[in-house]
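Two independent chains are provided; combine them into the complex using the hints.
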Amino acid sequence: MRPLTDEETKAMFEKLSKYIGENIKLLVDRPDGTYCFRLHHDRVYYMSEKILKLATNFSRDKLISVGTCFGKFTKTQKFRLHITALDFLAPYAKFKVWVKPGAEQSFLYGNHVLKSGLGRITENTMQYQGVVVYSMADVPLGFGVAAKTTQECRRVDPLSIVVFHQADVGEFIRNEDTLT
Amino acid sequence: MAACSVEELLAKAEQEEAEKLKTISVQKELDLDFDVGNLLACDKNRIESRDFKEQKKEDFLRALARDNTQLLINEIWKLPTERVEEAIVAKLPEPATRLPREKPPPKPKPPTKWEQFAKLKGIQKKKKTNMVWDETAKEWRRRWGYKRANDDTKDWLIEVPQTSDPNEDQFAKRVQAKKERVAKNEFNRLKNIARAQKIKTPGVGLLPRPKQSKDELSRAVSVAKTSTASAGRFQDRLPKEKPPKNAGKRRKFEPLIGDFSSEKQKQLELLKVMDSKRPKLDITKAVNKQMREEDREEAASKKKGRKGGAAGRPKGKGGKGKGGRAGGGKAGGGGKRRGKPGKR
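Top to bottom, those sequences are chains A and B.
Using the UniProt record's numbering, count along the first sequence one by one with no gaps and you end on 180.
Using the UniProt record's numbering, count along the second sequence one by one with no gaps and you end on 344.
Isolated chain B, as found in the complex (with noise of 0.2 Å):
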């Protein structure tokens, strides 16, 4: 008995194990292409359609993916393997396949103003050495860049040239050259950029926005009248446009305490200018005059009677008008009045 259950046991064991290597094993008509490294498998064995339609579909494709997984799995299992903190890793070989691109190609910059230039020309670019010699280092220094061979704005000793301002700063005149070069340069190369992707610069002034701030716009137009032969003296203003307030320019003032009789002189030049523009006549003060006269002569007029006073205002108003253009005359200025004398 025991040893029928012992070989029923060995028995079952096998069995088992067959069983095992047998879903270990799977059997194609043709092999799958693996390309481990993407751990992909490509199964290309015909679908029998009958096969498909036979079974449920579902239970058939479960199937088919889980034979074609253990495939793969296995082919895994033959790569040299380590371990890596408690795990057995398999090391991958390089991916076969060439994945598509993710995104479409950059498109082909546009040439910038030199290569323009240079392609116009026919300039070609002539392979320069990064390293040059240096006299006076004695060693091999860079073209450009960090402690460059023949660094102008490093010398220790500059000779002050015969036409030069001699207290002018030599060094400071060429560290400010060298900035100066910088900047043009990096300017340029926004261009190029600006160009390339075709932003639109402002040129001087305004950039294109919907709506545009009081003042950008009013330093835009100070900028586009200045930027005339003459500095825009000689431009035409609008009827309500106001002189511009001299942005930009440093004001200068008198000193302190100055010659005071001079500054006096001044003053009182102003003032007999003042004095000259007013006018001597005020048309207002006439006019009172006018008013005065005439109360005068309404309160004459009534005392006499109506008769009187239809015969006297005429006459009074002629009077008047005498009176008050003579009076004009005199004091010699006026707008109005001035015309008039003459007649009468």
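Bound conformation, chain A alone (with noise of 0.2 Å):
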């Protein structure tokens, strides 16, 4: 386990900021205690230091997770967002998408979200910004990325993707073994 180099925060916070832009600062400064990022076997965990000085106590190839796993850098060292940053995403997320009940299963198996399971958007959403996905009571679905502005969103076919999946609630189930 190790700390994040420059290079390698910085790719993470642009990741980050793609989905919750500036609210990156509430999660590096918090007020109910010291947190940070520690990377382990290319997983980038986010834990209290708390948790960080007992998880010292284990040696490199024992330790399997430590907090909670914001994503992990791959070969090439580009950062992936994995779903189980979801909970640190969903409150701080600049642009939601609602998806209808019927399209949520859906999306829930790994599919793109079309225009005729789109229920809500947020409003200026650009293209290719990245968005949270709801369910319509609210429920924190995943998170993907806007293929259309809001704008052109009004305009398109039904049938047409208005947003690309990049994790959905479902992998904890599908992708078990590799989430760590």
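No lab work stands behind these hints: they were computed from the structure.
Ideal Cβ placement from N, Cα and C applies to all residues, glycine included.
Heads up, a few of these hints could be off.
Claimed, not checked - Chain A residues, not near chain B, derived (Cβ > 12 Å throughout):
1. F73
2. K78
3. R80
4. L118
5. S135
What the hints assert, rightly or not - Restricting the straight-line Cα-Cα distance to at most 20 Å, the calculated cross-link-like pairs of lysine to any residue (SDA-like) are:
6. B/K285 / A/R155
7. B/K272 / A/R155
8. A/K25 / B/E269
This is the structure:
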């Protein structure tokens, strides 16, 4: 386990800012305790310092996971956000997409969101903006990338993709082994 | 009758003996030259061409060979014999004739670097004795090799010199120096061999082969780049070449539980820098705004009618242009529209 280097921190923050914008400050600087990011086996974990100090008692190969896994760095040092970060993205999300109950299950199986399944979308969403996907009952389902701006969403035909799927809570069952 | 037959038998036996001897003894004009060590017999007798043509050639040759072989074997029988496992073996003398070379003679080796230098300077090789008197062991020891005299790696006590670091291991230092000398010697020896056989050696990097592997080539490039006076820091790169990934240098990380507040500060600063770098005006946002305005105007003009629409559109465009540009100006950033606000 080690702290992130500057380049790694930058890559991670850039990825996160796509979804939560400037609210990353609230993750870094929390009023209720010191939380930090640590890298272990190419995965980034977010944990309080108390947990960190406890985790130092484990050897590198025996330690599986600490705190919450935000995502991992690929072999070419690109940061990939995992569904396990949803709990921290959802409350700070800048752009949200609500999905109709019918299309919910489709999204949870890993498919993209079509115009026909789109319930609501925040105004002024840019194209390829990171969005958090909610159900109509305001339950966060996952996150994705907006395929069209809000304007365009109004104009396109019902079978075109409006949100590209990136991660959904169904992955907790589908990708159990690789999520740590 | 019996006496007759006995006489006959005796006569027969004698005749047979004579014949045998005849077969053993061969008459030649000139004696043969024998090299019994090589089992060689040279016959210098002239061959009468008449004899050769007269008889059948095969028979003549066979008879000749038989005679000469018989003479050779007679010579072998003259040598001292011994018995080896139920066989009588003759001890052959040393071969007298010198056989020619099987392979061509070795080419002279080109002189090594030292030999060239010695020739140049006129340095003669001084004969040194193998044994040297070792004071400490009080005996004669080899000059080099196993248990040599004056071996400094085998000292049990080494004084630490004044100028050196007190925590340095002097014994390890000596052993290390020895290893380096041995490696250097080996390297020079191999270089001499390569020079002698004109084998191409890679200097650093590539061996001359028809197909090089990708990482060999990249390593050669990186080595060539770093071998400049400033270790490759100011070397130009090709347009699409990526910066080197710091191969070979051990990475250093922050301690795991460092100062949390300083870590937080660093991260916040990084965020601030990232925020400032992000452009304040989004081109796409401005374009979207423009599009929305256009839609609104079209809807409005359609209601009014054609004429009104025709009049309204250029006005609308002008108005929109102003509004858009003013909006751009207000937002205070933006690439494309900066120059324009002054004009209108």
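The hints, checked one at a time:
no.	hint	result
1	F73	14 Å, holds
2	K78	14 Å, holds
3	R80	19 Å, holds
4	L118	18 Å, holds
5	S135	28 Å, holds
6	B/K285 / A/R155	17 Å, holds
7	B/K272 / A/R155	37 Å, violated
8	A/K25 / B/E269	10 Å, holds
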